[in-house]
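> The hints should help you fit chains B and C onto chain A, whose structure is shown.
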Amino acid sequence: MIRFRLERRETTSRWLPIFTTIGAVLVALLMGAILLAYGGLNPMVAYGQMFKVGFAESYSVSDTLVKSTPLLLAGLGVSIAFRMRLWNIGAEGQLLMGAWAATGVALFILPETTPRFIMLAAMSIAGFAAGAFWGVIPGWLKAKMGVNEIISSLMLTYVATFFINYFVFGPWAVGGFPLTKKFPRNAWFPRLLDWADAIPFFRGMTAHIGFFYGVVAAILLYILFKHSKWGYELKVIGDNPEAARYAGMNISRTVILTMVISGGLAGLAGMSEVAGVVHRLQENFSPGYGFTAIIVAWLARLNPLAMIIVAYLFGGLLVGGDAIQPAGIPLMIQGMIMFCVISAELFTKYRIRIKRNAPLTEVSHG
Amino acid sequence: MTAEYAVQMRGITKRFPGVVANDNVSFEVKRGEIHALLGENGAGKSTLMNMLGGLYRPDQGEITINGEAVYFSSPRDAIKKGIGMVHQHFMLVPTQTVAENMVIGASTGFWLSPKKLYADIAAVSERYNLPIAPDAKIWQLSVGEQQRVEILKTLYLGAKILIMDEPTAVLTPQEVEKMFVTLREMTKNGHTIIFISHKLDEVLSIADRITVLQKGKVSANVAAKDVNKAELAKLMVGREVLFRIDKEAAKPKDDVLVLKNVSANNDRGLPALRSLSLNVRAGEIVGIAGVSGNGQHELAETLTGLRHVTDGVIEINNTGIQNQPPLAAIDQKVAHIPADRNGMGSAPTLSLSDNLIMKSYRAAPVRKGWRLLNAVARNTSEDLIKQYNVATPSIDVEARLLSGGNLQKLILAREISAEPTSIVAVTPTRGLDVGATEAVHQRLISERDRGAAVLLISEDLDELLSLSDRILVMYEGQIVGELPPDEDRIDEIGLLMAGGVQEAQA
Amino acid sequence: MKKLVKTLSLLLAAAFVLAACGGAPEAPPEPETVTVTGFDGSEIDISIPQVEADKTNVAFVYVGVIGDAGWTYAHNQGREYIEANGENMHTAYIEAVPEGADAERVIRSLARQGFDVIFTTSFGYMDPTATVAEEFQDIDFIHISGQKKAEPNFGNVFGALEEMQYLSGMAAGAKAAEDGSNRVGYIAPFPIAEVIRLSNATALGMRATCPECVMDIRWIFTWFDPVKEREAAESLLDAGATVIITGADTPGPVQAAADRGYTGIAHNSTESCNGLEDSCLGVPYWNWGPVYLDIVEASVAGTYTPEDYYGSVADGMVGFLGFMEGEEPLPALPTEVIPLIEATLADMEAGLFTRFDMFTGPINNNQGEVAIPDGYAMTQSDLEGLSAGYMDAFGIADRPACEVCMDFLVEGFDETAEIPPLN
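The listed protein sequences correspond, in order, to chains A, B and C.
Heads up: the first sequence is residues -8 to 357, going by our numbering.
Heads up: the second sequence is residues 18 to 523, going by our numbering.
Heads up: the third sequence is residues 3 to 425, going by our numbering.
Pulled out of the complex, with its shape left as it was, chain A reads as follows (with noise of 0.2 Å):
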């Protein structure tokens, strides 16, 4: 008789988790191809063409990159709450308010004739602060009342999509439609094809440069988080609040300040969304990004550097999923993906122990 049974690991070694993930990630994509050879579909085709579409085709790159921007603005602003234990999971109402500001700056405060870095300066400043301001308010509410985050953050997210529908639905609709008049071209960010006509390779390719400022945040944020004063104090509070605590660090404080940056972050991928790819604010323009980074910060174990890359092959994933209809197919593939990793978590603290009758001749399998 052989009995499996879980057992708690003592030690975890520093590459488990890792592997488990990319584990999962396989594990996922092998169920999904027992359910695509199931349903007639060769696997291998599917998933070649999810690859090819999403990886390989000379404009993959830059279709991934305008999917994988957002990803990563939001997972970056997400995973700087998550290291002090601060589950703000209304990452998508703050990214909404940032598109919201955003767009109020491009075409009702600014006039259309405004030199467009400026133009471009004073829209991040603004999605910025509107993220922030969206994200500080669970902060604040956490810091000086002790209102749970997650609920508190998950609200503001529904208040912030009634809003935004406030404007496209009212004061900022065109004809009746949910959606603003398209931004000035001072107010787009740039894109590759704006320079097709000296490099013709660049036609139809609409990568912009809101995914730099997602590689420059995620650099300050990798060193901040290693050599500053905030990103230290971070630490300790999300390790242990009592021991901060004694300390003497201001946990109001630095919980206010980090939700601010992780709101801010959020509102500036609403920004770049709007600026860079959609050009207006409209209802639902944004598929979920917010909610979507919350899994990417997972994935990506709340590094920065890694969240890069993690960001860059998700959003491929979701541009790949494109490659299989009915949109069903491809969205149960990524639904894999993400309960596999998240069961995997499982096996960095527990092990799997086949136990036989016999108690001392065990055989372990880490």
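Be careful, since some hints might not be right.
[To be verified] Mimicking DSS-like on lysine-lysine, the simulated pairs with C-alpha atoms at most 27 Å apart in a straight line are:
1. B:350 <-> A:226
2. B:270 <-> B:246
3. A:135 <-> B:376
4. B:232 <-> A:135
5. B:195 <-> B:177
6. B:385 <-> A:217
7. B:205 <-> B:154
8. A:217 <-> B:403
9. B:205 <-> B:177
10. B:376 <-> A:217
11. B:47 <-> B:246
12. B:403 <-> A:220
13. B:205 <-> B:232
14. A:43 <-> C:57
15. B:403 <-> A:226
16. B:277 <-> B:232
17. B:232 <-> B:246
Everything labelled a hint here was simulated from the structure, so no lab data went into it.
Computed from a predicted structure; not experimentally measured.
Here is chains B and C on its own, set in the frame of chain A:
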């Protein structure tokens, strides 16, 4: 089958990355005996007992319980075989009640009857004379009360073999005596007790047999009646040990720590300090004696800015710090050696280096503008680790992996290296072995001699007597008496601790 | 850490490469579309949207899912019609494409793959389609429900569903009179000209069979939201309506009416009332197939020129369920109204009673003021409500602006009904 031995561990070896914690250890305990396991921190006592308790699995060797070979893959397996463990670090859920904690791990079925549960708990606590309120939340309890819950819990879960890790550290001498009576009673009822300790006097008075571990190996296995204190200490440390600290008479100067009529509440919102006044001068050690739960914890927290006062004034270096953030006390160079090393004194999953700069990161040389200089932090940490003899393979190790003694050395290194004007030390040697205790004591005295005002809150009367220049006894949030550190007056101190105010003053 | 990150990405990429190398190069023998039976017994085609050599390749971009039994379902019927009736045609689709961030990318990727004709079937795709059409001038782009067009390859298509709504109104009016409630409820998605036109046509139809009837309206600000649609229906029923007409996508409102023993009229596709036939009076639906095939064939022949194509029942682009070829009137319909509807439909098919006749003055608004003066027939621009502001915002330059714009509710609506403010 009635085997002679309750526990037999043979040829046990356990390795951790970089360390052999147990090297071919054999350990045998007869049924119904009280067996002491003695050793310095890091000698491998906890590792050995964690294997018996099902938390770890040996790399080599075998374990038999009552003659039956066993294999434990979780604490549950061990509990099933009647092994209960009272840990040095409490394994309790702070946000739940005593009763709820008691049933974690119990096979009670799906439905719980609170009434029956409370009755059962009351019965167990009465039988072993360990009073406790079943509906109190764990976080509201003092360290001593939490330990009581741990002991009760193992008994409630039906343990026949009790492993007790430093069980007396938080008790008054009278309580220790009572507890010993309880333990002897338990052995008569067929319980077997493994008693981990470093307190040689206690071990000699309670244990039937003693196994001594030194650096992961068994250095002795003797009957208690065949050894004396000095011999045991030598077997443990591998050298002669000084039991009494030689110190010069204190030369106190100006007041550094002053409390005037301070009142404060505990976590339950009940008064814990009642108009308490005291002062500590530069260059003296003032000891606070008292049974755990009489406001010592709150006293330490108000002094370090961690707890608000409802009334009164706290002056450090003539600056009022009451109801200021903790940073105000830190700025006045108050060092704090907290009772809860894991919960408050350290960030468990951060590196030793990160833990060591927790108080110094705000200023040069570690800080430079917005940056923390990692190289400086590392160098400082390396120096401190050496200077304070923290045994660790590197400064990148997570703090939670340090043994109690090493963690305390780390905290001491951090707190004392800042050259504080005053030190609030709460049970600083709880759970430490003789070697580490000696080191801590030496440090506190040299700090005193340097001119620091030291407030020593301890439940270990020996420690208070040997270190303090004055002893204040605390009872129900007040100072009820001041005595010189005279061993002849230990009974008087004990009476004051128990609330016998009038008699003592008579 | 950097090393780890590198390993991670390499492995992940390797997994994809492995998958790609395993199958992609020798793909042709594999079928590109397979049919599996879903858990609910329905058949699902799994497909990879890519071009086939030596065929005319047609792609569709859908805003919803093909299983919605509504707007997207109707377009997918059109796609299947091309595949079944066209010569040497291959079709593909991508569903559930959000109108914001993804539309332009998806349309462009189809163009890059080399599809010959691309249909984009939601209003929000108008600007993205225009953008991509400019980049790929050898591909024909057809946008549905907009007004933009550009030489040489970007046109738009829409049709007079309002004519079918008029028939809905006739059916509903007769039924409400039979019920004795004289009250009909209308669920309107957005306060835009298209929706107002359809609502007004319905109210006019209702008054044709039941001059005493009053129409109540609820604005739900969504095209597809089962919960909101149902809530709106409940609200209308609570206010006394016994016939519910929905201008949104799901059959939920009809279900809500059926649950109280009343009837309703669904929207968009022949399947919209499936399972509710006993409580359904009819469905004004789209029949895109023939027009789509004509456009694709013109494109293949090189004769397609961008235009504002506005179909009608005369060219078979729209229909009213129960009255078209091969259909039987639904059982819940009062028998006496059937010949009236048949006669009106015949006039429409013959061009004797078109949308322009329907909206010829004098017509008052629901406040009793003149909305369309006596003798004035609304123009196409009037019907589409092409205000100068709207055309300016969307860059439509080649259409005359409306004079009597579609921004009022006609007599027949409850006096208190109003259009939420437009900007």
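> The structure should be examined with respect to each hint, and the outcome stated for every one.
Okay, the hints, checked on the actual structure:
{"no.": "1", "hint": "B:350 <-> A:226", "verdict": "holds, 24 Å"}
{"no.": "2", "hint": "B:270 <-> B:246", "verdict": "violated, 38 Å"}
{"no.": "3", "hint": "A:135 <-> B:376", "verdict": "holds, 24 Å"}
{"no.": "4", "hint": "B:232 <-> A:135", "verdict": "violated, 49 Å"}
{"no.": "5", "hint": "B:195 <-> B:177", "verdict": "holds, 20 Å"}
{"no.": "6", "hint": "B:385 <-> A:217", "verdict": "holds, 14 Å"}
{"no.": "7", "hint": "B:205 <-> B:154", "verdict": "violated, 33 Å"}
{"no.": "8", "hint": "A:217 <-> B:403", "verdict": "holds, 25 Å"}
{"no.": "9", "hint": "B:205 <-> B:177", "verdict": "holds, 12 Å"}
{"no.": "10", "hint": "B:376 <-> A:217", "verdict": "holds, 18 Å"}
{"no.": "11", "hint": "B:47 <-> B:246", "verdict": "holds, 23 Å"}
{"no.": "12", "hint": "B:403 <-> A:220", "verdict": "holds, 25 Å"}
{"no.": "13", "hint": "B:205 <-> B:232", "verdict": "violated, 33 Å"}
{"no.": "14", "hint": "A:43 <-> C:57", "verdict": "holds, 22 Å"}
{"no.": "15", "hint": "B:403 <-> A:226", "verdict": "holds, 25 Å"}
{"no.": "16", "hint": "B:277 <-> B:232", "verdict": "violated, 48 Å"}
{"no.": "17", "hint": "B:232 <-> B:246", "verdict": "holds, 20 Å"}
Checked against the numbered hints listed earlier, the structure breaks hints 2, 4, 7, 13, 16; every other hint is satisfied.
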